[in-house]
Amino acid sequence: MRPLIQLLEKELIEYRIVVKLPLFIALFAVLNFALVMSGDNVSFFVQTSGAGEWGFNLASTGFANYVGKINELVAGFVFLLLFIVYIPKTLRKERNEGSLMFWRAVPVSDYLAIAAKLLFALVVIPLITSMLLLFSDGLVWLLAKWWMTNDILASFSITFPAMFWHWLSFIGRVVMISLSLLPLACLLLFVSQLINYPMVAVVVTVIATKVMAYILLGSSAVGDFMSDIYSLPLTILTNENPLEAYLSLGVVTHLVLLLISAILFYLCSKQRSTDDRIFSHLVRNLYRAQS
Amino acid sequence: MEILIKAERLKKSYQQHLALHDVSFELRTGQILGLLGHNGAGKSTLIKSILGAQAFDGKLSVFGLHPQKDRVKVVSDLAYISDVAVLPEWMTVKQIVKYMSGVHPSFDQSKANQYLKETDIKLSAKIASLSKGMKVQLHLAIVMATNVRVLILDEPTLGLDLMYRQIFYNSLMSWFREGERALIIASHEVAEIEHLLTDVLVLRKGKTVLKANIDELESRFSMLTVSSDKLDDALGLSPLYHRQGSKNHIVLFEEVDRTQLEPLGPVSNASLVDIFIAKQQEVTL
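Which chain is which? The protein sequence lines are A and B, in order.
Just so we're aligned, residue 1 is where the first sequence starts under my numbering, counting upward by one.
Just so we're aligned, residue 1001 is where the second sequence starts under my numbering, counting upward by one.
Note that these hints are calculated values from the structure, not bench results.
Each residue gets a CB set at the ideal place from its N, CA and C atoms; glycine is no exception.
You may find that some hints are simply not true.
Partial chain B-side listing against chain A, Cβ under 7 Å, derived [said to hold, decoys possible]:
(1) Leu-1018
(2) Ala-1053
(3) Gln-1054
(4) Ser-1076
(5) Tyr-1080
(6) Val-1084
(7) Ala-1085
(8) Leu-1087
(9) Pro-1088
(10) Gln-1095
(11) Gly-1102
(12) His-1104
(13) Met-1163
Derived lysine-lysine pairs resembling DSS-like cross-links, with alpha carbons at most 27 Å apart [stated by the list, open to error]:
(14) A:Lys-89 <-> B:Lys-1098
(15) B:Lys-1098 <-> B:Lys-1117
(16) A:Lys-20 <-> B:Lys-1098
(17) B:Lys-1098 <-> A:Lys-93
(18) B:Lys-1069 <-> A:Lys-270
(19) A:Lys-20 <-> B:Lys-1126
(20) B:Lys-1073 <-> A:Lys-93
(21) A:Lys-93 <-> B:Lys-1069
(22) A:Lys-270 <-> B:Lys-1126
(23) B:Lys-1059 <-> A:Lys-93
(24) B:Lys-1069 <-> B:Lys-1059
(25) B:Lys-1094 <-> A:Lys-89
Same shape as in the complex, but just chain B (with noise of 0.2 Å):
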């Protein structure tokens, strides 16, 4: 699988604050990365470096381009969409599908045109005038009519209720399946996305607390169900996050062989969102 984006030990800073601390990973075709972090964690940060719009230090290639010098080769195959208001809201629907036809070589209007019309958006109508899940619709369907490479997705569906969110995800999804891409999701609503990811990135005030395949997850991390009783003898093989359950206690191993865990009570495979808590939380134990 060919490599689209591959950062090595990035580093972003402003000011005293350290955003972004050796951050290292590849993004290759037929992968969807969750970009995982709280607020702060440096997603933000690290989606920047990659769309060109600030220097940074370390290495980051995209498409073997670097993001800033190469920002209009770049971004000819690559799209983001975020959760704030980005598209100008002074134009009509019209208007920007015009115009994205205009300055990107690979925009196929009658492509845009189809995916609106299995909306309620209008042609004739004036971005401001819609709703944010018609915004983040009309974003989407002009990104899938660029036909893209990669497409960046940061906290995409950030105030839209479930319906928005299932339309959202589904036309994603089948887009995604069409061509050789790539995705990343950058969220912090991880139990809405887990489903989707192949693979994740979890940032903890701009380091990596976890990197990993979605499949190898499950025999890294074990989930222990354990009374109070058998709590010492669990805290004792080194936990990585523990918490009191309305009757047991639920503690999470990370890289603890499951033989270990058996006697203790019943283990299952972590949920990401478990995976994702524990590495956002210091370990206290």
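Only chain A is shown next, with the shape it has when bound in the complex (with noise of 0.2 Å):
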């Protein structure tokens, strides 16, 4: 457990940016709060065209209303955000400048360190994020109990128990999240440690997989699907209820790219622990192992 720890706090050294980012944002709570609160009731809706189509209502009933809904949205894209900055980069950082020699000269195992760096972007992350969530909400209520009458509090659901539940019930979004993530950080994981730019070759080979699908069988429906896909986090983050929209893809959907993401944590092991192309390590091994 102390490896792990110690792997963790690692990781928190190495990108400050991971708590540096709800900090500042968290500063910017307080100006949120004052301008949407010298508004009238706000309610709006964001949709885009195609597939792959979500979008959020900001008429919640939870606590402080939509400020709260606000406030849970920005924690969750500050998530995705520090999500996307992290996972691309970690691997290819310490290959890049050269410190890998050194962390592969320490007794940890390769499926440690990977574990450590999933755990980090998947579960650290977010609960930093969740932190910003307390923070923002604490404000509200801090703020609201400035100005606000014990009537209003309670229409707007502006009381302890209903802030705890808010960050309870963005804790349980976020472990959604988390696990729609795991096959996209697996994957950046392993292709960052074969190229320089993971995320542009992801990004390129999704759209060229897309077009290539419906030139060859005429129809969008792989399209649509992969759309699903890797539009599935953003959708746990602004559906009403995040458990039926992370089934929404069916059980067996999410147990294949669960075994997906075990496949690709091997390789990305497999990977790091060498200097070799994993490819070229394993065929190597397969020969051996036949003859």
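Take the two lone chains and join them into the complex the hints point to.
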């Protein structure tokens, strides 16, 4: 357990942005509250066209109604942003700066090293962003207590139990988001060890696959399915019921995605352990086993 | 003496390039093996194989284990310091010491702090802000505090001034004498490490050109200083290497009886530098 904690602490030292960005946003929460509370009841709807459609409704009945929902969305987007900043960079950076030889020279298995990075991206980062939510909600509670009467506070559900429940439901939501991000995280961790721009490579591959599938099959079904997968984290973040959103892909699809994640996790760990290309390494081992 | 590392017919190729070819050696407790060769000789390839960082053909065992399959167990007892910056520059000295104490079961934090106290390195300093000499000192302090049995040094003093080199080797040797350990020092600065070595393994283009105990070299190699008029006689004895001195010629022989050489001129022991140069050059005689 101690090595794992040490590995997570190391990531936190290396990626200060994971703490700094939520802190920076937290400062804006005060301004955000002041601006929103000065207006009337706000409700707006955002929708993209085409496949991968998603939207969010701010007419919430939870803690602080729409203000609470905005806090939740901001914390969720900060999580997704930090995920995108961290995951494609972390393994690439240790190869580029040369520190990989140092990390390899300590008795930490590659499985543990990769697991720590996944835990950092999918557990530590959302926990930090949940702190951002708690802080923002706390500010809302404090300022509401200062400005509003008890009747209004009650009508907006600005109470301690509602705030705690808001935080717990956010934790539940990010658990679903993290689960939906796991295949992408494993894919990016693996690809980032092979090429310098993993995000670009993955995006281009997805677009090319969608176009090719459309040309070959004359249908956008494959493309739509891919869109459903990669837009799932955002769908979960904005949907009223995160579990329902998560399960919208179907249990079988999730089992297949988890299996793919496990394979990518294995490949990723093997690639980290060697300077050789993993595929030549695996082919070599297979050849040896046969001979 | 316990065998710590054993390599048998080790091979490694990168696409069409053969980086290591049939390299065999043993490293035992108490040995300081000089891994010598010019750039591209295969020193770093051999070290990477020992560290389990790449696949190889042939047999290689470290503490009786496979370096790739059992990397975690191997590196618990084996450490590595190289010339290139491998320390994470974004960490402070204190943070890296804490990290090591958290992940390395045999790391002694108080020992590391003690070693660092003897240097000018401050615990609060960022690694990026340290000079190259300080970084090497820090790395050595970390390694010395892990109480490993084998330490591999890959051109550790490259780019360091004489003072840091002296400090480095003094610290290294006092640590080496403390326990049942072995060292591998890869370098092409032969003169600098010659006095430390117990054994040498000289590589050239991936192949072993010399593998010997330092004491053996004395009886195996002879250096003859010969005048021009006796040079032909000397060259007739198939020397390994020959160079023109200011007045006389210097001729190096391997496995030639000294009684055959003495009539031609003064015979002395060959230095490791001369042997290294001779072994690195094609025999053109």
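Hint check results:
Nearest Cβ of chain A to the Cβ of B:Leu-1018: about 15 Å, over the 7 Å cut. The hint is violated. The interface hint given for B:Ala-1053 is met, as the beta carbon of that residue sits about 5 Å from the closest beta carbon of chain A, less than 7 Å. A least Cβ separation of about 5 Å between B:Gln-1054 and chain A falls short of the 7 Å threshold, and the interface hint therefore holds. Look at B:Ser-1076: its Cβ gets to within about 4 Å of chain A, closer than 7 Å, so that hint holds up.
Hint status for B:Tyr-1080: holds, given a least beta-carbon distance of 5 Å to chain A, under 7 Å. Given hint, B:Val-1084 at the interface with chain A, holds; its Cβ is 6 Å from that chain's nearest Cβ, closer than 7 Å. With 7 Å as the threshold, the beta carbon of B:Ala-1085 comes within range of chain A, its nearest partner Cβ sitting at about 6 Å, so the hint holds. For B:Leu-1087, the shortest C-beta to C-beta distance to chain A is roughly 6 Å, which falls under 7 Å, so the interface hint holds.
Because the smallest distance between the Cβ of B:Pro-1088 and any Cβ of chain A comes to about 4 Å, under 7 Å, the interface hint for this residue holds. For B:Gln-1095, the suggested interface contact is upheld, since its CB lies about 6 Å from the closest CB of chain A, less than 7 Å. This hint holds: B:Gly-1102 has a C-beta 3 Å from the nearest C-beta of chain A, less than the 7 Å allowed. Here the hint on B:His-1104 is kept, as its CB sits about 6 Å from the closest CB of chain A, short of 7 Å.
The restraint placing B:Met-1163 at the interface with chain A is violated, with a minimum CB-CB distance near 25 Å, outside the 7 Å limit. Between A:Lys-89 and B:Lys-1098 the alpha-carbon distance is near 24 Å, which keeps this suggested pair within the 27 Å criterion. The suggested pairing of B:Lys-1098 with B:Lys-1117 holds, with an alpha-carbon distance near 16 Å, which does not exceed 27 Å. Note on A:Lys-20 and B:Lys-1098: the hinted pairing holds, with a Cα-Cα distance of about 23 Å set against a maximum of 27 Å.
For the proposed pair B:Lys-1098 and A:Lys-93, the alpha carbon gap of about 22 Å is at most 27 Å, so the pair holds. Annotation: proposed proximity of B:Lys-1069 to A:Lys-270 holds, straight-line Cα distance about 10 Å (limit 27 Å). Under the criterion of a C-alpha separation no larger than 27 Å, the hint pairing A:Lys-20 with B:Lys-1126 is consistent with the structure, at around 19 Å. A threshold of 27 Å between alpha carbons decides the hint, and for B:Lys-1073 with A:Lys-93 the separation of about 26 Å falls inside it, so the pair holds.
At roughly 25 Å between alpha-carbon atoms, A:Lys-93 and B:Lys-1069 fall within 27 Å of each other, so this suggested pair holds. For the suggested pair A:Lys-270 and B:Lys-1126, the alpha carbons sit about 31 Å apart, so the restraint of at most 27 Å is broken. The hinted pair formed by B:Lys-1059 and A:Lys-93 fails the criterion: a straight-line CA distance of about 33 Å is larger than 27 Å. A distance of roughly 13 Å separates the Cα atoms of B:Lys-1069 and B:Lys-1059; the hinted pair therefore holds under the 27 Å criterion.
Pair hint B:Lys-1094 plus A:Lys-89 holds up; C-alpha atoms about 25 Å apart against a cutoff of 27 Å.
Checked against the numbered hints given earlier, this structure breaks hints 1, 13, 22 and 23; the rest are met.
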